[in-house]
Amino acid sequence: MRMLLAILICKILRFVGRLVGKGSSLPGAYALKVCPDVLSRAKLPQYIVAVSGSNGKTSTVEMIAYSLRSQGFRVVYNEEGSNQIEGVTTLVLGNADLSGRVKADVLLIESDERYAAKSFKYFHPTHFVVTNLYRDQLTRNGHPEWVLDALRGAVYPETELILNADDPLSSTLGIGHEKTAWFGMDRCACSLPAPDGVYHDGTYCPVCHGRMVYSCAHYNHIGHWQCTSCGRTRPEPAHRITAADLGAGTLTLDGAYPVQLALRSIYNAGNILAAYSAVIACGGDAEKCAASLSDYTLKNGRVQRFRLGAHEGTLLTSKHENSIAYDTNLRYIAEQGGDCSVLVIVDAVSRKYFTSETSWLWDIDFDRLNVPGVEHVYLSGRYCSDLAARFECTLLPPEKWEVIPEIPAAAEHLKANGSEKLYVVTCFSDRDKLLNLTEKEAQ
Amino acid sequence: MVIRIAHLFPDLMSLYGGWANAEYLKRAIEAAGTACEIIPVQPEDETLPAGADAFYLGAGTERAALYALERLRPQREALKAALDGGAVGLFCGTGMDLLGTTLQDMDGKQHEGLSLAPFATEQKNKRITEDVLGACPLFPEPIVGFINKCSLHRGITTPLVKDLALGFGNETEGGDEGYHAGTIFASCLTGPILVKNPALLKHIAALILRHAGLERPAEIPVSDRAEQGYAVTVQALRERCGK
Chain A
1 MRMLLAILIC KILRFVGRLV GKGSSLPGAY ALKVCPDVLS RAKLPQYIVA VSGSNGKTST
61 VEMIAYSLRS QGFRVVYNEE GSNQIEGVTT LVLGNADLSG RVKADVLLIE SDERYAAKSF
121 KYFHPTHFVV TNLYRDQLTR NGHPEWVLDA LRGAVYPETE LILNADDPLS STLGIGHEKT
181 AWFGMDRCAC SLPAPDGVYH DGTYCPVCHG RMVYSCAHYN HIGHWQCTSC GRTRPEPAHR
241 ITAADLGAGT LTLDGAYPVQ LALRSIYNAG NILAAYSAVI ACGGDAEKCA ASLSDYTLKN
301 GRVQRFRLGA HEGTLLTSKH ENSIAYDTNL RYIAEQGGDC SVLVIVDAVS RKYFTSETSW
361 LWDIDFDRLN VPGVEHVYLS GRYCSDLAAR FECTLLPPEK WEVIPEIPAA AEHLKANGSE
421 KLYVVTCFSD RDKLLNLTEK EAQ
Chain B
1001 MVIRIAHLFP DLMSLYGGWA NAEYLKRAIE AAGTACEIIP VQPEDETLPA GADAFYLGAG
1061 TERAALYALE RLRPQREALK AALDGGAVGL FCGTGMDLLG TTLQDMDGKQ HEGLSLAPFA
1121 TEQKNKRITE DVLGACPLFP EPIVGFINKC SLHRGITTPL VKDLALGFGN ETEGGDEGYH
1181 AGTIFASCLT GPILVKNPAL LKHIAALILR HAGLERPAEI PVSDRAEQGY AVTVQALRER
1241 CGK
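Chains A and B are the protein sequences, given in the same order.
Each residue of the first sequence is one higher than the one before, starting from 1 at the first, in this note's numbering.
Each residue of the second sequence is one higher than the one before, starting from 1001 at the first, in this note's numbering.
Honestly, I wouldn't trust all of these hints.
[As the list claims (entries may be wrong)] In silico lysine to aspartate or glutamate, DMTMM-like type, Cα no more than 25 Å apart, as pairs:
| hint | chain 1 | residue 1 | chain 2 | residue 2 |
| --- | --- | --- | --- | --- |
| 1 | A | K400 | A | D367 |
| 2 | B | K1126 | A | D367 |
| 3 | A | K103 | A | E145 |
| 4 | A | K352 | A | E312 |
| 5 | B | K1243 | B | E1171 |
| 6 | A | K352 | B | E1239 |
| 7 | A | K118 | B | D1107 |
| 8 | B | K1109 | A | E145 |
| 9 | B | K1243 | B | D1107 |
| 10 | A | K118 | B | E1130 |
| 11 | A | K319 | B | E1130 |
[Said to hold, decoys possible] Going by beta-carbon spacing under 10 Å, a handful of chain B positions derived as facing chain A:
| hint | residue |
| --- | --- |
| 12 | E1141 |
| 13 | V1144 |
| 14 | A1199 |
| 15 | K1202 |
It should be emphasised that the hints constitute simulated quantities derived from the structure, not laboratory data.
Positions of the beta carbon are idealized from the N, C-alpha and C atoms, including for glycine.
Please model the complete structure; the sequences and the hints are all you need to start from.
Next up, the structure:
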């Protein structure tokens, strides 16, 4: 009876919430109050796929859903992005009939890595994809090892882990876990000889603290690693990117299936591989999966094209407090070639208030912009002085960058000057402050 | 003359952009007219650089900090001798955890600390993350920063920051934060504490110059950008706590 009541409350609140455009956590929160163990009572589909990790959760989940649906699977997933237990409850009950049966073949859950243990207390995923673990939102996450320890509480023996072989940290989840499948990227044209960036989290083994060596790196500490002390080494992946040419925007999966990249970033390549591995684990067809993800444009709006005066603009959504998201976008800009300007906006780091926490700016490798094609860099937003203090410690010559504190003034300046390509790097929280001053292109 | 800053374990203890502290010290000393170099010291190194004028150790994960403690313990006498001789030590984040007499890890296991300061560290399973605003007995400007830690530091009577208007201190919300005695400075304020606090940067840079036998210049120039960033931060944090 309590379950039925919880389902009804959830469905009604979800319906009302959609009418008024409210978030998706609240219905689940009320349902949990009525029936705290409602998730253990629900009748779940054959495949319950969880996706977690520092970066790429939303994109990977979206691609898994798209690919499985294109192959005829019925998939439900938390499209609104609420990824803690309340959001998961809304997802499950919102898609259940009154007996609690979820009407789908696959329940796909983007899970906040720190709260996964709580979300999966009452039911366990059949498959758990961990995309990667690295420095992300350290104000709430502490550091990647702290997150790893939190994630361990969500790993159950019966769950098949789908892990990134190239990540020495998150791959430790597979130690002693029998049901583990690995994905990884071969050394490709875009691989680096060794990890790059401002800091080097791959220097020491996360298990024994011995020195690690890399035969190649894809980005940051993600690559082909081996510990010189305990001998732990990158596992052999079952699913691989066997060729990648980011310049041409092409990938090959498992030596057979070509994928054309809508977004030519190493990040996107990694997310596609994770999604491909998950789709196959759910019984999807490899060739059809690769075909479905070819030229797939993410709907999560992380890339937005616009015009500002004579500039053709591209906004690359990074995440504040996530140096790798920034690094990856900066690397993308540097690799595009051609003359361009770059606008970096840091205006609101916390949604609640101004914070003194700007340490993450020092983890970003802004030297990536010190390439001939990048003509000028503008820094804007409330944290522009902190950004400028960081830029003073880069190799960029002082005449190559300047501060325009107010975002409208920066937009006005760019509108009136120049016609080179313009890249904007900022966070979801700040992007509309610029986009609202431009002519946006339809996605 | 070249002033030497030993950066201890720059890859192992590298969380929260702490490298900026060594870099900003170097820049401040150079701006004051003296050459300066940063010497990285790795966990595999058997000895500390002889004649260093300053030692900097930043934050790492709790497990990395325990490993750093293990690797630093054999260097403890050399480090103590250098600090007793007036070299400056700056220990930030979990770097501070190593400094006291004991360190109790999250599993409750007790480790012998470096005993360079009279306090005891306890690492807990709960993380404390919040902004900090407080007074520093060394200069009139308030200290700003951000706490990101799971440690409590017990028994400190000479804190670096007193009477926090905002944030969690060594043991309690709103208490005192960090440790300072002579030329030893420690704080759990994460990351670029010297970029965020130009007055502290100037104070420590002056002590390093003194250790090198140089007079404190009339002015130690600090980046205008850092000063502007500090001003914005102080104002915002004061507004938040109504002070």
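- Message: Holds or violated: K319/A and E1130/B, Cα atoms, limit 25 Å.
- Response: holds (19 Å)
- Query: Do the alpha carbons of K1243/B and D1107/B lie within 25 Å of each other, as the hint requires?
  - Reply: Cα-Cα ~39 Å, so violated.
- Query: Taking 10 Å as the limit, does the beta-carbon of K1202/B come near enough to a beta-carbon in chain A?
  - Reply: With a minimum Cβ separation of about 15 Å from chain A (threshold 10 Å), the hint on K1202/B is violated.
- Query: Within a Cα-Cα threshold of 25 Å, do K1126/B and D367/A meet the stated pairing?
  - Reply: Violated - the C-alpha atoms of D367/A and K1126/B are around 36 Å apart, more than 25 Å.
- Query: Close enough to count: is the Cβ of E1141/B nearer than 10 Å to one in chain A?
  - Reply: violated (14 Å)
- Query: Taking only the CA atoms, is the gap from K118/A to E1130/B under or equal to 25 Å?
  - Reply: holds (24 Å)
- Task: Take a quick look at whether K103/A and E145/A sit within 25 Å of each other, Cα to Cα.
- Result: violated (37 Å)
- CA of K352/A to CA of E312/A, is that 25 Å or under? Between K352/A and E312/A the Cα gap is close to 33 Å, so the pair fails against 25 Å, i.e. violated.
- Item | Given hint D367/A paired with K400/A - CA-CA distance at most 25 Å | With a Cα-Cα distance of about 12 Å, the restraint between K400/A and D367/A holds, given a limit of 25 Å.
- Query: Hey, does the V1144/B contact hint survive, CB to chain A under 10 Å?
  - Reply: Nearest chain A Cβ about 5 Å off; hint holds.
- Given the proposed pairing of K1243/B with E1171/B, does the C-alpha separation stay at or below 25 Å? Holds. K1243/B to E1171/B sits at ~22 Å (cutoff 25 Å).
- Query: Is K118/A close enough to D1107/B, meaning Cα to Cα at most 25 Å?
  - Reply: With Cα atoms ~22 Å apart, K118/A and D1107/B stay inside 25 Å; holds.
Violated hints for the displayed structure, listed by number in ascending order: 2, 3, 4, 9, 12, 14 and 15.
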